[in-house]
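Colleague: Sequence:
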Amino acid sequence: MVFHLLHPELREAIRELGYTEPTPAQAAGIPRILSGAHVLLIAPTGFGKTEAALFPIFSRLLEAGPGPGVRCLYITPLRSLNRDLLRRLVALSERVGLSIGVRHGDTPEGERRLLASRPPDVLITTPETLQILLLHSRFRQSLRNVRFVVVDEVHELVNSKRGVQLAVGLERLVELAGEFQRVGLSATVGSPGLVAAFLGGYRKVEVVDVSGEKRFEIEVVLPTPVDEDYIEAEKFDATPEAVARVKKVAEYVKSARGPVLVFTNTRDGAEFLASRLKFLMGDVVDVHHSSLSREHRVAVEERLKRGELKAVVATSSLELGIDVGEVDLVVQYGSPRQMSKLVQRVGRSGHRLGLVSRGVVVASDVEDYLESKVITEWASGGVLERDVEYHENALDVLLHQVVGIVLEARLEGREVDVGYVARVVKRAHPYRNLTEEDIRMVLDFAERHGLLRGMRPRRGSIRYYFENVSTIPDEKSYGAVDDTTGRVVGELDREFVYSIEPGTKIVLSGRVWTFARREGDVVYLYPDHNVTGALPAWLGEQIPVPYEVAQEVCRRRAEVLRRSLGGEEELPVDTEGLTPDLIPEPGRLHIHVIENRYVVVHSCLGHKGNEALGAYLSHALSGYVGPVGYRSDAYRVLLIFREFVPVQALEEVFKKPHSFVYTTIRNAVRSSKMFRYRFLQVARRVGLVAKDAEDVPAKLPEVYADDLPGVEALNELFVERLDVKALTELLRRVSSGEVLLVVKRLARPTALEKPILEEALRLDFSFRGLSRESLADLARRRILNKNVTLLCLNCGWVYASRASMLPEDVQCQRCGVRALAVVKNVDLEKARLVVNKFKIRQRLSSDERKILENLQLSASLVLEHGKLGVLVQLAHGVGPKTAVKILNKFLEGADLWAAIIDAEKQFAATRAFWD
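In this text, residue positions in the sequence shown follow the working numbering: the first is 1, and each later residue adds one.
Calculated from the structure, these hints are not laboratory results.
Certain hints may be false.
Stated by the list, open to error - Simulated restraints on C-beta separations: (1) Lys725 with Glu111: 45 to 51 Å; (2) Asp574 with Lys744: 14 to 20 Å; (3) Met805 with Asp482: 30 to 36 Å; (4) Glu16 with Gly36: 23 to 29 Å; (5) Glu326 with Gly413: 55 to 61 Å; (6) Val221 with Asp482: 32 to 38 Å; (7) Val734 with Glu436: 34 to 40 Å; (8) Glu576 with Arg642: 55 to 61 Å; (9) Asp574 with Ala690: 48 to 54 Å; (10) Glu16 with Gly520: 54 to 60 Å; (11) Leu114 with Arg144: 17 to 23 Å; (12) Lys204 with Gly382: 32 to 38 Å; (13) Asp777 with Gly382: 30 to 36 Å.
Unchecked claim - With a straight-line cut-off of 25 Å between C-alpha atoms, the simulated SDA-like cross-links for lysine to any residue are: (14) Lys673 with Val625; (15) Lys867 with Gly796; (16) Lys889 with Leu863; (17) Lys655 with Glu548; (18) Lys839 with Pro807.
Think of the CB as a built atom: it goes at the ideal place given N, C-alpha and C, for glycine as much as any other residue.
Let the hints inform the model, and build the full structure from the sequences given.
Modeller: Dropping the structure here:
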C-alpha cells in the first residue's frame, strides 16, 4: 500500500481521518509525485485526485521541516474547493503542524492582511489571484519559497485564455522562486499529451491516467408522444414531443433510489424543464445554473445533499467538483453534444469509488438520438475529443503579461529587455511558437497606447494591469421585459443581444418572444404564441458538435434512411420527399437547390466546420450575385439567395485555392456581427476602451483590423467558433476528386432540408424568394402539425388533438352542436369561466367581454366552415376577425394558404408597433 511511503506522522493522521485504502489515483500518483516528477494525474470525479496530489506534497514538506513563506500553491479555477474536502484537508494539516490558507477575489480584507503577514504553508488560490500576488510587494516575498504547484481542473483551463494567462504566470513565478514541481489534476480528456505540455511547458511531464478504472452504464431513449401528450400539450405550454420527454424524465426521477441530476445544455432549457417537472412533481425539483445568485445555488446544493430534493435541473454549473452528496442517476436532456461533457456529467453519479456511474440521455428526435448514440458509445469506450480550443500566441494576454513582467522588474529595481521577456514567455507552451513579429506588434501597441515606454512602465501601466487580471469576459446580462405588461421575464446574454435584430423570435423562460428593441440595460420583447423552435436565448452556451461525431452521425443517418425507405427501420423516421439518390453519404457532398432560391449543403462538418463553410460560401458567392445569407447547424448549411442560385459559381468556389479560401473566410468574419462583439471584448482587455464600454465606435474595428485588437479578435473566433481546418480539408478533397459534388434540383424540400429551412422560416418569416406553391405547402404542413383545443359554447365539452387529426365535420361529441370555439391566446379555464358567467348572466368585465366576443366569433367560423374554420385560426397572429377576412378571400377564389401567409406576414411586420 502506497501510504507506507509517506511521512510517519502523516500516515497516522491519514488513518485517523478514515483513509484506509488508497484509490487507484492515489496508488498510481503518490509514488510518482514523491519522486519529484512533474505529473499530470487523470482520473474521474470521486477518485481522490486532490488527496493524491497533496498527501505526497505534505509528506515532503514534513520531511523538509518548517520553512518561511508559501511552499505550495494549489491553483483552482473554482473560487472554492469542495467544502467537505477543504474541511478534511484543514483537519489533516492541523494534525501534522502544517497551515492552509485560501485567497481569492471574495476573501475579506482582514483575511488578506493576515495571509500576507503570516503566509500559510499551502495557499489555495485562483489563476487571477496569482496574477495579483505576483505584483503584491509583501506577498511576493512569500512566493519566493514555492516548491510545489498543483493545478486543479487543468482540463478546464487548457482551452481558455485563463489557462494561457496561468501558463505565463507560472513562468513568471519560476523567475521569482526558481523551478518547482508541477502537478496537474484533470478529468478524463481526449488529448492528455497536450494537457501535459500545457502544464509543463518545455519540461517533461509524466501522465498518470487511471480513468479507465471508472465504469459507466448509459442508456439512450427517444420518447414518442401518445394521445394523452397531445391533449396535455396546451396545459404544459409545450409541444406533444416535449411533453413526452418531460414525462420520461419525471419517470426516471420518481423511480430512482436517490437524488437525480438532470443536465440541459442551456440555462433557458434548464428553466423550462425544471418548471415542467415542478408542475408534475411539486417542490422536490429545483434549478441550478450560473445566472442564478450564489445564495440560491448553495441552497440548492445543500437541499440536494440533505435529501430534500429528488432532482436538480442544471447546466454546466454542476459539472465540476461541487459537493452535492450521493447522486443515483444522471439524466441528460437532449444530446450532450460532446463525449467529454457526457463523461463529466454522468460521472457525477456513482461518485464513490467502485460504484457504476449511471446515466440516461433523453433524445429529442431521430437525428438527436443518433448523435447521442454515437457520443455514448464512444465515451463508454474511452474515446473523447482530441481537438481542443487551444489559444496559441494570444496577443491580448501577451500584452498583459509583458506589462506584468516590466512592472515586476521595476518593483525589484532591475531592467529587462525584449530578449528576456521573449525567453520567459516562450517557455509557456501556448507561446512556444511566438514570433518576433508578434512581440513587436504587442510592444508597438503598448508604446502607442501609453502602457510602456520602451521596456519601462508608464503612469497607466499599474491600473491597466490590475483592471485586466481576469480574462473572463465581463458578460453583462440585459433585463428582458414584456413590452405589453412591463413585467421582467428573464435575462439575455450580451453576445446574444448583439447577434439578433428587431423582429427575431427567441425562446426565454420557456416561452417564445419577438425581440422589439434595446434601450440601455433593458431588452423589450413581445409575447409570441408560435412556440415551435425559435432561437434559444442562451446562444452563447450552445455546445458545438465535433467534426468526428457529425461525420459518424451522417453515416448512420444514411443507413437508417435507406432502411426506412425499405420498410425495415423501427425508429420513427421522417422520409418525406426522400428517394435513395437524395440521401447524402460518405464520398458524396449533396447540394440540394430548392426553387432556385435556396441551397442546402449536406456537409456534416460539425457546428464549427459548417459555420466556417457557411461564412466562406456566403462571402465568396456574394461576389457573383450580391448578398447571400446563410444558416448552419452540425449537419448542413443553408444558403439564401435573393434572385437565383448561380450553380456554376457554386461549384467553382468549392475548388478555389487555399489562399483564396483563407482570405475570403477572414474577410467574411471581419464583416460579421460576431467579429464586432469579439473586437469589443479584446478592446476592453487591452485597454483600448473602458472596461464597462457597451460598444465600440463604428470605425474602430476597421481602423484596428490589422493591429493587435483586430488580429486577436479574428484569432479568437477561428479558435472558438470556426473550424477552418475542417473547411479547407473538405475543399481539398472536393478539388482532388476524393469527394464528388452531387447537385440536385428539388421542387420542394425533403425531410433532410426541413430542420434548417424551418429555422430560416422562423428567422425570416416572409421567406422571400421561395415559390408561392412551396411556401404554401410549408405553411399547410406547419399548421396541420399544430395542436388545437376546441370548446363547445353550449355544453362546455373540450376537445384537444393535433390539427391534422380533426374530422372534416367538426361537432361536439357530447351535445352535437357545431358551435365550437378555438381556444387561443387565452387560458382554457379562463375561457370556460367566461362562458359559464355569460350563461348564468353574471356581469362580465371589459376583458371578459372581449374574450367572449372572440370565442363567439371563433365558434361562428367553425359552425360555418367546419375544419377549415379551425385551421385558419391556428395561423400565426390570426384571430377570429382576421380569419373572417382570410376565408372571404378564399371564397372569392384566392388560394387559402397564400392568404394565410399574407396575414402572417402582415402580423410579423406590424406586431412590434401595437399598443
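Colleague: So the hint says 55 to 61 Å: do the beta-carbon atoms of Glu326 and Gly413 match that?
Modeller: 56 Å, holds
Colleague: Range first: 32 to 38 Å. Now tell me if the beta carbons of Val221 and Asp482 are that far apart.
Modeller: 36 Å, holds
Colleague: Quickly compare the C-alpha distance for Lys673 and Val625 to 25 Å and report which way the hint goes.
Modeller: 22 Å, holds
Colleague: Is the distance from the Cβ of Glu576 to the Cβ of Arg642 consistent with 55 to 61 Å?
Modeller: 27 Å, violated
Colleague: So the hint says 54 to 60 Å: do the beta-carbon atoms of Glu16 and Gly520 match that?
Modeller: 59 Å, holds
Colleague: Taking 14 to 20 Å as the hint, is the beta-carbon distance of Asp574 and Lys744 inside that range?
Modeller: 18 Å, holds
Colleague: Regarding Val734 and Glu436, is the given constraint of 34 to 40 Å on their beta-carbon distance met?
Modeller: 37 Å, holds
Colleague: Holds or violated: are the alpha carbons of Lys839 and Pro807 at most 25 Å from each other?
Modeller: Since the Cα atoms of Lys839 and Pro807 sit roughly 28 Å apart, the hinted pair is violated (cutoff 25 Å).
Colleague: Does the structure keep Lys655 and Glu548 at a Cα separation of 25 Å or less?
Modeller: Distance ~23 Å between Lys655 and Glu548 Cα, so the pair holds.
Colleague: Given a hint of 48 to 54 Å, does the C-beta separation of Asp574 and Ala690 actually sit inside it?
Modeller: With Cβ atoms ~51 Å apart, the hint holds.
Colleague: Are the Cα positions of Lys867 and Gly796 separated by 25 Å at most?
Modeller: Cα-Cα ~19 Å, so holds.
Colleague: Does the hinted range 30 to 36 Å hold for Asp777 and Gly382 at CB?
Modeller: 47 Å, violated
Hint check: violations occur at hints 8, 12, 13, 18; the rest are consistent with the structure.
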